[in-house]
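Add chains B and C to chain A, keeping to what the hints say.
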Amino acid sequence: MDISLIVQALVSGVLAAGLYALVSVGLALAIGVIGIVNFAHGEFLMVGAFLTFQLSVSFGLDPALSLLLVAPLLFLLGAVIYRATIQYVLKAPELNQMLLTFGLAIILQNLALLIWGGDPRSIGDVPYRALGFQVAGISFGAVPLASFLVSALLVGGLYYVLIKTPIGKAMRAVAQNRTGAALVGLEVNRIYLIAFALSAALAGLGGVMIAVIQSPTPVVGFAFTLKAFAIVVLAGLGNIRGVLWASLIVAVAESLVATLLPNGDTLRNAVFFAIIFVVLIANSRRPA
Amino acid sequence: MKTLLALVTSLLVTFVFAQPVQIGVLSPLTGGAAGTGLAQQAGFELALQEINAAGGVLGEPLEIIIEDTQAAAPVALAAFEKLMTEDGVEFIAGGYSSGVTLALVESFRTFQPVVTWIGGAVSGVGIDGFDGIEELLGEEDWFFHIHPWDYHNVEAATAFVVSTGVDSVALLHEDSAFGGPGAAGAEALIEAEGIEVTIREAFTSTLFGGTGDFRATISKAAATDADMVYWIGYDSDVVPMISQIRERGYTPQYIFGTPPGWPSEFADAREAECVTGLIGFLPNLPTTEAQAFTEAYRDLHGNEPDNYMAALAYAQLWAYADAINAAGTTEQSAVIEALEAGTFRSPMGEWAFTSSELTDHQGFGADLWLVFQYQDGVREIVWPLERATAPLQSCR
Amino acid sequence: MKRARFDLIALAVFAVILFFLPDLLRNAYGRASVSYLSLLTNAVTLAILALSWDILARTGQLSLAHAAFYGAGAYTTAVLLRLADVPLWVGLPAAGVVAVLLALLLGVVTLRLQGIYFAIATLAFTEVLRAVVQQLPTRVAGGAAGINVAPLFRPEFVPGEMERWEIAFLRNESYFWLYAGLLVLTVLASIYVQRSRLKPAFTAIRTNEEVAAVMGVRSARYKVLAFMLSSLMVGLLGAIDAHRVGSVNPYETFGIQTTVFALVTPIFGGLYTTLGPILGAGVLAGLEETLRRTFGSGYLIGYGAVLVLAILFMPRGLMGLWGWLEPRLKRRPPSKEAP
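Protein chains in written order, with my numbering: chain A, 187 to 474; chain B, -14 to 381; chain C, 41 to 379.
Just chain A, same shape as in the assembly (with noise of 0.2 Å):
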C-alpha cells in the first residue's frame, strides 16, 4: 500500500474535521447551554447556504464576504425563533423539544422550497473553489484548508468565549445550575437567547461552506442534523473540547475507509454510525 495514499486520506479526513465540527459545536452550545434538543439545526445550515447564494446572485457578494453577513442575520433568526417558540419549552421534556424544532425544520424546508425552488442551485464563480496545490505528492484543496482554519478559528473563538469572557462564564453558570444562576442575579433567558442565537449563526457559517463547495437544497440540513446530533453524543454532551475530538476520529475514520476500500465512499455513513455506536456501547459497559 502506497504510504502517501494514507498521508492523503489522513490530511483529507483532517480537513474534514473542520465543518463536523463547526456544526456540531453549534448543536453542543445548544444542548449543553440551553438543554435543547434542536431537530432544526441542519435547517439553520440550509438557511445560510441559501443566503450565501442569494446574496451572491443579487449582489455578486464573494462567499468569503458573506460569512461576515450571514452570521448576524442567522444570529437574528436564531433570536426571532427563541423568542418565539423555543423559550416557552425549557422545562419540557426533551420530547416535546424534538417535535417543536421538528415541526420549525418542516416550515424553514418548506418556506426555502417556496422561494428557491427545489432543483439544485449553485453559486455561480467562485474563483478559488477549485483551487488546489500539491506538496510532495499531497493535494490540499483551498477550500477545505480554508474552511477548515475558519472553523478552527471560530471553534477556538467559541472556547474563548466561554472561558475568558463574562457572557461565557454566565453560559456556564447557567448550564450547571440553571436555579443557583439567577440567584446570582444572571439574566437565564438572555444568556438562553444568545446561546441559542450564537448556535444557529454557527450553524449558519456551515451553511456558507456548504454553498462554496455544494449546492444548496431545501433538504441539505437533515443528513447534518442527525451527523451532528451523533457527533455531539460521542463527544459528551455540552463537552466542547470532545466535540474537536470526536469530530476528528469519524472524520479520518470515514477518509481512511474511503480511500483504501474499493468503494470506500459508499461506506462512510455505515463507518461514521458504526464508530459511534461501538463507543457508546463500550462506554455504557464501562464500570462507572
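Possibly wrong hints are sitting among the right ones.
To be verified - Cross-link-like lysine to any residue pairs, in silico, SDA-like; alpha carbons within 25 Å at most:
hint, chain 1, residue 1, chain 2, residue 2
1, A, K277, C, L349
2, B, K205, A, K277
3, A, K277, A, L369
4, B, K205, A, I189
5, B, K205, C, E249
6, A, K277, C, Q154
7, B, K205, B, V182
8, B, K205, C, V172
9, B, K205, A, Q320
10, C, K370, C, D47
11, A, K277, C, T247
12, A, K277, C, D47
13, C, K239, C, W364
14, A, K277, C, A171
15, B, K205, A, I426
16, A, K277, A, I189
17, C, K370, C, A44
As the list claims (entries may be wrong) - Each pair of labels, with its calculated beta carbon distance range:
hint, chain 1, residue 1, chain 2, residue 2, range
18, B, D352, A, G342, 50 to 60 Å
19, C, V126, B, G313, 33 to 43 Å
20, C, L128, B, L370, 52 to 62 Å
21, C, V126, B, L370, 52 to 62 Å
22, C, L128, B, D126, 21 to 31 Å
23, B, V147, A, L254, 28 to 38 Å
24, C, G200, B, D113, 37 to 47 Å
If you're looking for bench data, these hints aren't it; they were derived computationally from the structure. From the three backbone atoms N, C-alpha and C, an ideal C-beta is built for every residue, glycine too.
Just chains B and C now, with coordinates in the frame of chain A:
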C-alpha cells in the same frame, strides 16, 4: 330541416353535456424530489396554456389535476386512486421514481386508464431477478412510456464515449437504483467497444446523505490516469464532483457526467469549462421548436427551462391533447390508437411512439440525449454531430 | 381489573367499527371509497408506528431505530419469497421473528444507555443495518435496485359483473383489514402493558431507573421485553407494507422518515397512553390530506406550524387537551342545578 334539427341537437348536447377533458397528474411537489416535480408542473402549465389558447380539447378547455406524490409510495397510491375514483379522470400523466412506479403497477392494472409516464426509467432489462417497469408494464396496451429507459441512457452515453476516441475510462457512480445498475451496463458496453475501464468505483450521492467529499474516490480514478472520467450521479453532486477533480490537479481529456440535471448557475463557474454532460433538453437547442418553447416558457415562468423534465411534461400533455382531438372522443381504444398513430410536437422536435426492448409504446429513446460541453460559459451541443452547435474540445 | 375490562370492551367496539368501516364507506361514497380506504390505511399505518413506538417509550427508551425494524421486516419477507419457494404468507411471521430477534440483540447491547445516548445509538444501528443490507450479495438482497415483492391480494376481475373500481375496493378492503388487525394487536399489547404489573414497572424505569432497581424492578428484563414487543409490531408492518408497495430498496425501505413519524405522532397525540398515539395518527393524517387538498404548494408549512403550535399550546398532546376539558365538562351539571 332535419340537418338543422341535428345541428341544434348536437349543439345542445355539446352545450349541456360536454364535460371538459381532465388529465390527472402524479408528480413529486415536495421533499427531496421536488425539483423534478416542480419542473414537470411548469411544463404542464405552459402546455395547458397553449392547448387552451389553441381551442382546447374536443372544443372545451383542457383541465389538469395535479397531485403531489411526495415521491412516497403510499402517498402516490392514494393520490392515484383519488384521481381515478373521486375525480373520475381517464388519463394519467406525470411520473417520477422507479420505487413509486413499482408501487403503482397493481393499481394501474386494476383501473387501466390510459397512462403516459415520464419517469421510472428502470426497465429491469439486464438485471437478473429484478422486474423493472418495462418488464412489468411494457406490454400493456394502455401504458405509454415517454422517457428513455436506463439502457437508452447507457447506449447514448457509450456512443458519445466511443466518439471521442479515448482509450480508457474511469467510471464513478452513485450507489442507488439509478447509478448502480446504470454503471454495470455502461461498463459492459464500453468494454465491448474495446475501451479499457480502468476503475469502476461507487460513491454515495449527496442526495442520499453522502458527505459530498469525493476526494478519496477521485484519487483512485486519478491514479489510473484514464483519458476520461465518466460519472453517474445526481444534480447536487455536480459542484463537488467537478471542483474536486480540478482541485486534485487531475486533468483527463474529458470529464463526462450524466446527472438528471445541472445547476443552472454552474455554467458561470471557471471549473465548468470543458466539462461535458448528457442532457435531455437545452434551451439553446438551435431548432425553431426549442426556441419557441424556451421563449414561451420564459414569458410564463420568468426563467429558463433548465430541467429537461419540463420539456418532457410539455410534450406529454400536448400528445394527449393532439391524440384526443384526433380521436374526436375520449373513448379509450380510440385515444390509444391515436396515440399509437400520431406524430406529436415537443421542444425536441417531432416525435412518435416506437418500439424498444419490450414495449411498442416508447416515446424518446437514446436519440433524446444530447451531450453538451461548457465552452466560455455556454453549454454548446457537441454530440450528436448533426445537432452540434460547436465542435468538441479536448481539455488536456 | 375493571379498567382493563373497560379497555377491552372499547377495543372490541373499535375492532367492530374497523371491520365494518370499508362497507360503510362504500355505501356512503361509492367508488370514492377506494381512495378514502387508502387514506385510512395510511392513517392506520401511522397509528401502528406511533403506538408501537410509544410502548417502548414507556420504559424511557427513546428509540430512533424504528426504521431499522420496519426495514428488517420488509426485507425478510422480500428475501424469503425470492430465495425460497415458500407460500406468500410465510413471510409475515418470519418478518416478525427476525424483527424480534434483532430487537433482543439491540435491546441487550444498549441496556445501559439512557436518553439521547440511547437515541443516537439506535439511530446509528439503523444506518449501519441499511449499509449492511445494501452490501449483501445482489442475488440475495438485490443490492441498490432492491427486490420486487408480490401483492398479498389480487382480487379477480369478473367482466360484466363488476366495475373496475370494485376490484380496487376489494384489494384495499383486504389490506385495510390486515392493517387494522395489526393495529388491534398493537392496541391489545398496549392495553396489556397499561393494565398489568408492567405499567408500574415501566413507569418506574422511565422516571428513575435507579430507584426502580432499589424497588426490585428488574429493569433489564422489562426494557428488552418492551423493545421486542415494539419491534414485533413494526417488523410486521414493514412486511405488509412491502407487499402493498410492491418492492423494497435500501434507501426507501430504511428511510429515516419512518422513525421520525413514529415519534412525532405519539408526542402530538399524547405520550404513554393507548389512545394518544392513535388519535395523533388520525388527526395528523387527516390534517395533512386536508391541507394538501386545500392549499396545494406550500401546504407542508401549515403542517409544520400545527406541530409547533401544538407543543406551545397543548404540551401534553391531544390527550392533555382531554385532560383539561374533562373536569370542566363534568363540573357543568351541578352548576346548572344551582339557583
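So, going through the hints one by one against the coordinates:
At most 25 Å may separate the alpha-carbon atoms for a hinted pair to count; K277(A) and L349(C) meet this at roughly 17 Å. Only pairs whose Cα atoms come within 25 Å are accepted, and K205(B) paired with K277(A) is rejected, the gap being roughly 51 Å. The straight-line distance between the Cα atoms of K277(A) and L369(A) is roughly 18 Å, inside the 25 Å bound, and the hint therefore holds. Restraint check for K205(B) and I189(A): the C-alpha separation of about 14 Å stays at or below 25 Å, so the hint holds.
Distance hint between K205(B) and E249(C) is unfulfilled; the C-alpha atoms sit about 51 Å from each other, more than 25 Å. For the proposed pair K277(A) and Q154(C), the alpha carbon gap of about 19 Å is at most 25 Å, so the pair holds. The hinted pair formed by K205(B) and V182(B) meets the criterion: a straight-line CA distance of about 13 Å does not exceed 25 Å. Pair hint K205(B) plus V172(C) holds up; C-alpha atoms about 23 Å apart against a cutoff of 25 Å.
Straight-line distance between C-alpha atoms of K205(B) and Q320(A) comes to about 16 Å, which keeps the hinted pair within the 25 Å bound. Pair hint K370(C) plus D47(C) holds up; C-alpha atoms about 21 Å apart against a cutoff of 25 Å. Annotation: proposed proximity of K277(A) to T247(C) holds, straight-line Cα distance about 16 Å (limit 25 Å). Under the criterion of a C-alpha separation no larger than 25 Å, the hint pairing K277(A) with D47(C) is inconsistent with the structure, at around 33 Å.
Taking the CA atoms of K239(C) and W364(C), the gap is near 23 Å; set against the 25 Å cutoff, the hint holds. Among the hinted pairs, K277(A) with A171(C) is inconsistent with the structure: their alpha-carbon atoms are about 37 Å apart, more than 25 Å. The hinted pair formed by K205(B) and I426(A) fails the criterion: a straight-line CA distance of about 35 Å is larger than 25 Å. Proposed proximity of K277(A) and I189(A) is contradicted: the alpha carbons are some 53 Å apart, above 25 Å.
The hinted pair formed by K370(C) and A44(C) meets the criterion: a straight-line CA distance of about 23 Å does not exceed 25 Å. For the pair D352(B) and G342(A), the supplied restraint of 50 to 60 Å holds, since their beta-carbon distance comes to about 58 Å. Hint check: V126(C) to G313(B), Cβ distance near 52 Å, so the stated range 33 to 43 Å is violated. For the pair L128(C) and L370(B), the supplied restraint of 52 to 62 Å holds, since their beta-carbon distance comes to about 53 Å.
At about 55 Å, the CB distance of V126(C) to L370(B) agrees with the hint of 52 to 62 Å. The beta-carbon spacing between L128(C) and D126(B), approximately 28 Å, falls within the hinted interval of 21 to 31 Å. For the pair V147(B) and L254(A), the supplied restraint of 28 to 38 Å is violated, since their beta-carbon distance comes to about 50 Å. For the pair G200(C) and D113(B), the supplied restraint of 37 to 47 Å holds, since their beta-carbon distance comes to about 40 Å.
Hint violations for this structure: numbers 2, 5, 12, 14, 15, 16, 19 and 23, all remaining hints satisfied.
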